[in-house]
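*Asks:* Protein chains in written order, with our numbering: chain A, 478 to 650; chain B, 298 to 369.
Please keep in mind that the hints were generated in silico from the structure rather than gathered at the bench. A virtual CB, placed ideally from N, CA and C, is assigned to each residue, including glycine. Since no wrong hints were added, every one of them can be taken at face value.
DEER-style ranges, computed between Cβ atoms:
1) K592(A) / K341(B): 33 to 43 Å
2) H318(B) / L557(A): 15 to 25 Å
3) D626(A) / Q360(B): 39 to 49 Å
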Amino acid sequence: MPTAEAIDLKNHPILITLQDTISGNGFLARITVAGRTLMRKEDDGKWWMYGVRPAAIAESGSTVDEAFLRFKQAHTYVLLDMVQESKSFDEFRTEVERFFNAKDVDEAAWEGALKAVRDGHAEPPEPFSKLPRQSPDSRPARIEVERLDGKITPFTVRDNATITYSIADKEAA
Amino acid sequence: MSASKDFANIQRMLTECLPGHSIRMTDHFRRKKFGDIIYPSFPKSKTVEVGHIRKLIRHFGIQECAAKHGLA
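Use the sequences and the hints to build the structure in full.
*Replies:* Have a look at this one:
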């Protein structure tokens with residue numbers, strides 16, 4: 478049973494990992510994102526995942542999992558729209574990095590939500606209490622846009638990122 | 298605020314709160330641009346859920362103006 482303090486924690490600071498391989502005009506690109514989002518249950522009864530890094534994206538679901546999966550899909554669609562309009566890999570990378578690095582007021586809300594968790598003012602309620610925990614200190618927000626065609630170094634399994642989400646907290650328990 | 302709004306209402310709000318903004322249809326979304334700020338993931342549907350509207354408003358920093366339209 479969640480405590481009253483837990484219920485008061487409206488914004489949940491989430492860390493996400495996404496990876497897409499996108500084919501463009503004369504190039505193949507792999508985009509790996511270590512991002513941040515805020516998860517909140519809105520008054521429509523749905524869970525909403527609001528982008529922080531990248532910021533300009535939002536998606537919802539009847540469960541936290543569904544919201545994440547729809548967010549991931551929307552992120553892929555944004556990349557597909559961008560590659561459609563990019564004449565070169567460099568142009569695509571510039572657009573994708575600009576999208577990822579554009580901030581809005583949800584950045585401060587994310588920091589506030591993380592502080593609330595870290596200060597112990599509020600324990601994350603379910604389902605967040607069951608999520609893996611990760612420290613954003615050891616996993617800063619970043620994006621990598623790599624060109625894969627013509628790559629000289631061999632591909633390895635280490636190149637694969639597990640697409641997942643976790644709650645931002647102190648170091649993992 | 299109800300769960301979704303007609304795009305026409307959102308457009309009225311944007312015309313006042315983001316004068317001179319542009320909208321372009323991409324394969325998947327409505328791409329909105331105002332100055333250097335771009336929101337590339339607004340839904341194309343005739344009605345749009347509140348979460349999308351709230352995020353758009355926060356991204357462009359127009360909460361006060363949007364509130365006058367009952368959209369913040």
